[in-house]
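Asker: Sequence:
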Amino acid sequence: MATKEKRAYQRIDIKEKLKFGEDSPIHDGYSRNLSPDGMSIVSEYGLPANSSIKVRILRSSGDSIDLEGKVIWSSNPPGVNKLIGIKFTSSNEELISVYRFRSR
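Numbering of the sequence shown is given in the numbering used here, commencing with residue 2 and proceeding in unit increments.
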């Protein structure tokens, strides 16, 4: 039986360097996919589900996008890196612009 998609926006594959953490963005990682309401992160460092998270996306243009959210899921697949699924708790117009441009 197929499950219904719960996301308001389709995720697009975008690999950008980022920093993240519960209180401040201190851990290194990169985005795996992204939408205006959430993203998944790949990193050596993980956070448990239901944690608050602050993310700073380090764009190749030199600027950054700061976001806040909640960890919805976290997994530790075989290998070094962990996966973290995030739902943003606030919107960011710059992120929405990047999403619209990249999803064309």
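FYI, nobody ran anything at the bench for these hints, they're computed from the structure. Certain hints may be false.
[Unchecked claim] Restricting the straight-line Cα-Cα distance to at most 20 Å, the calculated cross-link-like pairs of lysine to any residue (SDA-like) are:
1) 83 / 51
2) 20 / 10
3) 71 / 89
4) 18 / 51
5) 16 / 67
6) 16 / 81
7) 71 / 91
8) 83 / 10
9) 20 / 45
10) 18 / 7
Asker: Run every hint past the structure and note whether it holds.
Answerer: Against the structure, the hints:
no.: 1; hint: 83 / 51; in the structure: holds, 16 Å
no.: 2; hint: 20 / 10; in the structure: violated, 23 Å
no.: 3; hint: 71 / 89; in the structure: holds, 6 Å
no.: 4; hint: 18 / 51; in the structure: violated, 23 Å
no.: 5; hint: 16 / 67; in the structure: holds, 16 Å
no.: 6; hint: 16 / 81; in the structure: holds, 18 Å
no.: 7; hint: 71 / 91; in the structure: holds, 10 Å
no.: 8; hint: 83 / 10; in the structure: violated, 24 Å
no.: 9; hint: 20 / 45; in the structure: holds, 12 Å
no.: 10; hint: 18 / 7; in the structure: violated, 26 Å
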